[in-house]
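Q: Listed here are the chains, written in short residue letters.
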Amino acid sequence: GEDVEQSLFLSVREGDSSVINCTYTDSSSTYLYWYKQEPGAGLQLLTYIFSNMDMKQDQRLTVLLNKKDKHLSLRIADTQTGDSAIYFCAESIYNFNKFYFGSGTKLNVKP
Amino acid sequence: EPEVTQTPSHQVTQMGQEVILRCVPISNHLYFYWYRQILGQKVEFLVSFYNNEISEKSEIFDDQFSVERPDGSNFTLKIRSTKLEDSAMYFCASSGRDGDLRSSYEQYFGPGTRLTVT
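Top line first, the protein sequences correspond to chains A and B. Last residue of the first sequence: 111 in our numbering, with the numbers rising by one and none dropped. Last residue of the second sequence: 1118 in our numbering, with the numbers rising by one and none dropped.
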């Protein structure tokens, strides 16, 4: 079955880059996503990448996809305290109807 | 910026009672979803809904669950007879503008309803 895995915690200093990693098992993934969840809030769509791409950049965010290793990463440049949140990786398979989520990585940004 | 809204933010109910969780998806979206997250576990897909019918559902979405779009704006999840294990955060999501296939892949989530079954 589909399995999406993430490390649970990441701690960085303000101004450093953060790299959040995700692995998935199903090679039929069509799109891979990154969502951000701040305390008490819903899941905010940050960015996503189609499975035939290997990189996507959007301002401070860079998504890298290694299809061979089934590895997805999110790099946040110049991390700010406002970036502290839980980051979820998700994939859709075959269609866009349902997403499979990882457990989330809690990013702590120290001033 | 349009957003998905959900009410209530927190619902407490007794085991065996029926609950209805309400969502207002983004107004021009065509696809609607419910997910849940049990505390400490992953966000899990429950059901997707399009053109007034269920398009896909998970094993979790058994006969005690139902969804409805009672009017042009609301999307509801009903749990007929709640169990302790239904306690979770329930997220509604929507996607897909008419004529824009790519937007179907962009699911926007509401803030969630925390359901506590006692």
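Just so you know, not all the hints are guaranteed correct.
Cut-off 25 angstroms, straight-line C-alpha distance, at most; resulting in silico cross-link-like pairs (BS3-like, lysine-lysine) [to be verified]:
hint : chain 1 : residue 1 : chain 2 : residue 2
1    : B       : Lys1042   : A       : Lys67
2    : A       : Lys70     : B       : Lys1083
3    : A       : Lys106    : A       : Lys56
4    : A       : Lys67     : A       : Lys56
5    : B       : Lys1057   : B       : Lys1083
6    : A       : Lys106    : A       : Lys70
7    : B       : Lys1042   : A       : Lys106
8    : B       : Lys1078   : B       : Lys1042
9    : A       : Lys56     : A       : Lys68
No lab work stands behind these hints, which were simulated from the structure alone.
Q: Take the hints in turn and mark each one as holding or not.
A: Outcome of the hint check:
Between Lys1042/B and Lys67/A, the direct Cα distance comes to roughly 23 angstroms. Compliance with the 25 angstroms bound is thereby established for this hinted pair. Under the criterion of a C-alpha separation no larger than 25 angstroms, the hint pairing Lys70/A with Lys1083/B is inconsistent with the structure, at around 37 angstroms. This hinted pair checks out: Lys106/A and Lys56/A have alpha carbons roughly 22 angstroms apart, not beyond 25 angstroms. Restraint check: the Cα-Cα separation between Lys67/A and Lys56/A comes to about 14 angstroms, which is no more than 25 angstroms; the hinted pair holds.
This hinted pair checks out: Lys1057/B and Lys1083/B have alpha carbons roughly 19 angstroms apart, not beyond 25 angstroms. Taking the CA atoms of Lys106/A and Lys70/A, the gap is near 21 angstroms; set against the 25 angstroms cutoff, the hint holds. Of the supplied pair hints, the one linking Lys1042/B and Lys106/A holds, its CA atoms being roughly 13 angstroms apart against a limit of 25 angstroms. About 21 angstroms separates the Cα atoms of Lys1078/B and Lys1042/B, which keeps this hinted pair within 25 angstroms; it holds.
For the proposed pair Lys56/A and Lys68/A, the alpha carbon gap of about 17 angstroms is at most 25 angstroms, so the pair holds.
Hint 2 from the list above is the single one not met by this structure.
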